[in-house]
Amino acid sequence: MTAAPSFFENPSPPGLTGIKSWLLTHDHKRLGLMYMWAILFWFVLAMFLGLLLRTELMSQGRTIMSAEAYNSMFTLHGVIMVFLFVIPGIPAIFGNFFLPIQLGTDDVFFPRLNLFSWYLFMLGGLFAVVSLFLGEGFPDTGWTFYVPFSVGTESNVSLTVTAAFILGMSSMLTGLNFVTTFHRMRHPDMGLMQIPLFTWSLYATAWVQILATPVISITFVLIMLERFLGIGLFEPDKGGDPLLYQHLFWMYSHPAVYIMILPGMGVISEVIPVFSRKSIFGYKAIVWSSMAIAIAGSLVWAHHMYTSGMSDVSVFVFSLLTFLVAIPSAVKVFSWVSTMYKGAIAMSPPLLLSLCFIYLFSVGGLTGLVLGAAGTNIHVHDTHFVVGHFHFVMFGGTGFAFFAALHFWWPKMFGVMYRFRPAYIGAVLTAVGFVFHYVPMLILGLQGMPRRYYDYLPQYETGNFLAGFGGYLLIAGMVIMFVNLFVSLRNPRMAPADPWGGTTLEWTIPSPPPMENFVETPVIPDFPYDFRKFMAGGKGGGKGR
Amino acid sequence: MNPVHGVDLAFWYILGISVVLLFGITAVMVAFVIRYRRSRHPVPEDIRDNFPLEIVWTVIPTLIALSMFYIGWKAYLGLREVPQGALQVEVTAQMFSWLFTYDNGKEVENELVVPLGAAVKLNVSSVDVLHSLYIPAFRVKIDAVRGMTTYAWFQADELGEYDIQCTEYCGTGHSAMTAKVKIVPEKEYLAWLAEEE
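Taken in sequence, the protein lines are chains R and Z. Its first residue numbered 1194, the first sequence is counted upward by one per residue in the numbering used here. Its first residue numbered 1201, the second sequence is counted upward by one per residue in the numbering used here.
Chain Z on its own, in the form it takes in the complex (with noise of 0.2 angstroms):
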């Protein structure tokens, strides 16, 4: 399965549970300030308390938020688990660019160029402050910090091309640190990649 799609997965079941308990919430909020306003019910009760149904209010909300936990935690892994074989790519931050180095030495800045239906792993680097790099249409995202290699993999199933934006605050140039990712069909991808500079 490809990594979106259990990402977007946990992303409709925690934003759609988050819905209902918000509108649960509001909607009998708002019906005992209706229902139970001073001039239509002046003698207030004594309620303190309710064990059960405290018990109940704590139990519940915990075994939701276990399976969001889960599920998140699984989408995580999707992103994470990079297939056997994966064509590799450097990427290189730097104020205010993105440099893309290939198996055979090419490089190019600000243009990832892969293959349809290839998973692609990033080995991703900075040479200076802290960068992020971010692809939302692939809903991955990993800090590129000097001195160490972090990493994030795709996979396209459709031709296309994608934003990559940086994502970690590095000064002036920050939000104009953009690039694309350009998904061609494989024979395409062949021939740009033996292209000279």
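Just chain R, with the same shape it has in the complex (with noise of 0.2 angstroms):
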């Protein structure tokens, strides 16, 4: 391999040096850094606020906060979980990193649109906190902002939806960019069928992206409208209809729950066949199953509206899609489980993470199929079962999935290796953490208690103990996964170009990569996930653990 200064060392345009080589850098594999520390910290922070959250809960009645601190917070972990860390995590930290170099080329195809998506994300984030100071404080509505409330209320809406519209924009241009690439950037070489897995779902979320996000932002505008001219468009009194704003909420909303998911996919769709050394099971069923699940996705929106007071007919049909999109998701499960059939495993810490992944992200997806039928729905509709679920799913998946990539690609990305002991340990107590915090829920729900409760009756207070303890749990794990990590940085120990034995383009090229990606033009592989060469003789590469 040729030794080349990493994009570390080559700022990007060259001549730059210090914070202005990062803050001006088109360079996609900064800026996928610099998201990172971005979505670390909001990640760190609303999962803090949820343990208070969670803290509160464990105790009937007043345990650390007012009702009013309970609702703002509540809405700030939702607000900064879903628009700053699970929206944009998976894409705009590994998609803007890897995409490119899976495609075998040197940037996305606008590299200054890209940093401009950069600004507006930080730029969202600083309305967020701004709106926690000014004025009545932070929204007490919950993520959803739903009318009349949202629009009735003293709080900082209006701030606070100004905040998400822009984090729209970022999205939607990370989205451009990706489609962009995608076509027009690919290596010539490399056929439709040839892609990484990981690039397929980036792509199918991409069109989500672009197509669904305007939705929202026009929703955000009406809001805005609504509160500060009163034009009557939820407004029984004046013709309008509060159902509405549900319809246009969840046409974005629902589709955004895909936006999540689909590239966390992606990410268990590389690890597991690198780790097994054996080709994804049905590769073309996952890309037709990634691009199913982004179009039926958009479809199903209001069955989160059952209970709405909408007719029955649309429960009837919504609920009908709900099922549907089932499908394509139990697909990609049973091939990530028959990927491992007759493979040559090595158990790694982003091994041990995708296949807590599969088991959580499972719990989610079938724990959805209770609230996809209509009947089931009405008992356990804005309750915790609903909370556990989507925890399951966002959390449980996307979450994991995160953490998968950070320790899949942390070598690539940094050119150290972290310590496993560590890792596995951490991993370990924040599955253990999960299934203890999250179980409760769920059972706590079919009990019947709602959610958004800043308290309960009596009936409800061991769940609700339970549940808090295995909080506590779970951020005890995280803590030690992420330290783990921050410490390989102060003493590196060098990663090789492919410590895995990868078979797709990253792994090809240094750790950490030179600044325009390929020295020399890389040769594109028929298959992305040939691991044939470990089957002459059974030693091939010897790099894995």
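Incorrect hints may appear among the rest.
[What the hints assert, rightly or not] Some chain R residues judged to face chain Z by a derived CB distance under 10 angstroms, without partners named:
1. G1345
2. G1475
3. Q1652
[Said to hold, decoys possible] Label pairs and their computed distance ranges (CB to CB):
4. Z:V1228 / R:D1719: 26 to 36 angstroms
5. R:L1325 / Z:D1249: 47 to 57 angstroms
6. R:D1719 / Z:V1219: 37 to 47 angstroms
Derived by calculation from the structure, the hints in this document are not laboratory data. Using N, Cα and C, we set each Cβ at its ideal position, and we do this for glycine too.
From these two lone chains plus the hints, build me the complex, please.
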């Protein structure tokens, strides 16, 4: 391999030094890292907010905060987690960093726009912070901003929806960059069926980002018009309809769930083959299921509204469509498990986290069936069952995929290897804490405890206490995991170009990658998951642990 | 049939199948990790797909999903089809209490009294923001929306007192917006209804 200075030493555009070489960079890799630090900051903040919320709920009555503080805090937790962590998380960090590399090219199609969308992301975050301290404080509406409550409340709704509006712009521009890069910048030798699945999943996600985000942006503008001018679109006294808001909101926010999960699925599709040394099972089925999820996922939004008062016909249609969208996800799970059949599986932190993903995501998906069915939905809608369900999907799913991606690509991004033992301990503790944290919520929901409750009836105390206890375990696990990763930067142990024996293009270049990714023109493999090199003699590579 | 049974049947059906599927997936996954660990199975095989298998695991889950949809829909219909001659009660939600108004004009706050065995139809509306009427014991929930009337119905087979909670977030008093439904014998109900407030 040709020795070339890494992107850390070689700024783009050339000549920039120090902080400027980061703040004005056009390099997709530097931008990926800049997103990483910002997103991790938000994640850690919102994680501790979540812990405070669950601590409040550990005993009946007031425990550590007032109802007003609780309501603002769960809104803040939701807004940060959704708009500043889960949606941008994997695409903005790992997508920016690895999509161009996996496509065999040197950058995204619009590098300056890429920088601009990072600034939009930071500006959106800044607005969210400012809205904490200005006026009547952070909104107490929940991240859904349902009308009429969000129109009437005195809290700082306008500033916060502005923040979400700006974050939406950032998300759309990232999506636009990915779609154009995918089509226009891909290595000329790379056919559609030679593209790695992580990049495919980002491509499917990018379309949803581009097509669905404008709907929420417009909806947020309508909230502002409603608050400032009282135009009455959602106001029954003026001939408006509050349900219209819910339709508009979920028309984006349900597809957004797939914006959140698809890239995570892409990560798992990369990790499992590498540590099994075996081709992904059903490559084409996974590609098609990603696209099917992106399309069908856009047509199920009103399953959030069975109890809203909409017609029974709508309930019928949306329930049916909801069950159909479950199928492509099931196909993916079966494909991942089958990939391991007759593989040569080496345990490693990214694989362990991916296995946790499969289990936790399956629980999330299966509890989703209870919510998709009309009759059972009525009982558990807006209860803790829903809270448990979507945390299994968003955190057990996307969150664990995010952790897996961090551990999988960390050596590539920074050129250093972390220690395995603390990573295992952290991962196991996180997963065990997770189950103790969220399973009680599923049970509480079945027993009838509503969500967004500051206080509750006495029969729900045990469950809430247990959930809080699990929360502490969960956070302890994540702290160990993150500290271990950061420690690896301080006392670096150099990582080789290909520590795991991967087959996609990012493993053919040095760690960390040089500025334009490829020193020599890459050779595009006929199939991105061809592990036959390990079949001759069975020794192959030998670098994996 | 009391709609509660239909809903519970759907719960058992969906949760039962889900537990089996979850256990199956997890068991196979763990078995593969142990059985094909690199120290024991160092040479991988090159298997990329298996078309018949993929068709099977697409079609069977589709059928299972459709059956779940159907059972869920049947249960839902049970919650929506109100028997003829049901007792009607107007429910008005407001920040942060429930108002129940009976045919004879009697108005009660946070207490719904109904006779044993009677089908009760609740006509729900709101005077301010969204609320949602939830009676876990009868598996019913319906949003209270200003400017429109929604409904839910239930039929109690046993005497007793059950919780009513608000499940659509409505502000500071949201979790305190609870009420009780009291199931009393017919006679007692009539006497109560005739009582002056």
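Distance restraint hint 37 to 47 angstroms, applied to the beta-carbon atoms of R:D1719 and Z:V1219: 42 angstroms, holds
Consistency of beta-carbon spacing, Z:D1249 to R:L1325, with hint 47 to 57 angstroms: 51 angstroms Cβ-Cβ, so the 47 to 57 angstroms window holds.
Hint status (Cβ of R:G1345 to nearest Cβ of chain Z, threshold 10 angstroms): 7 angstroms, holds
Interface hint outcome for R:G1475 [beta carbon to chain Z under 10 angstroms]: Interface hint status for R:G1475: holds (5 angstroms vs cutoff 10 angstroms).
Beta-carbon spacing of Z:V1228 to R:D1719 - inside the hinted bounds 26 to 36 angstroms or not: 30 angstroms, holds
Status of the R:Q1652 interface restraint (C-beta, 10 angstroms, chain Z): Holds, because the Cβ-Cβ distance from R:Q1652 to chain Z comes to roughly 9 angstroms (cut-off 10 angstroms).
The structure fails none of the hints (numbered hints given earlier).
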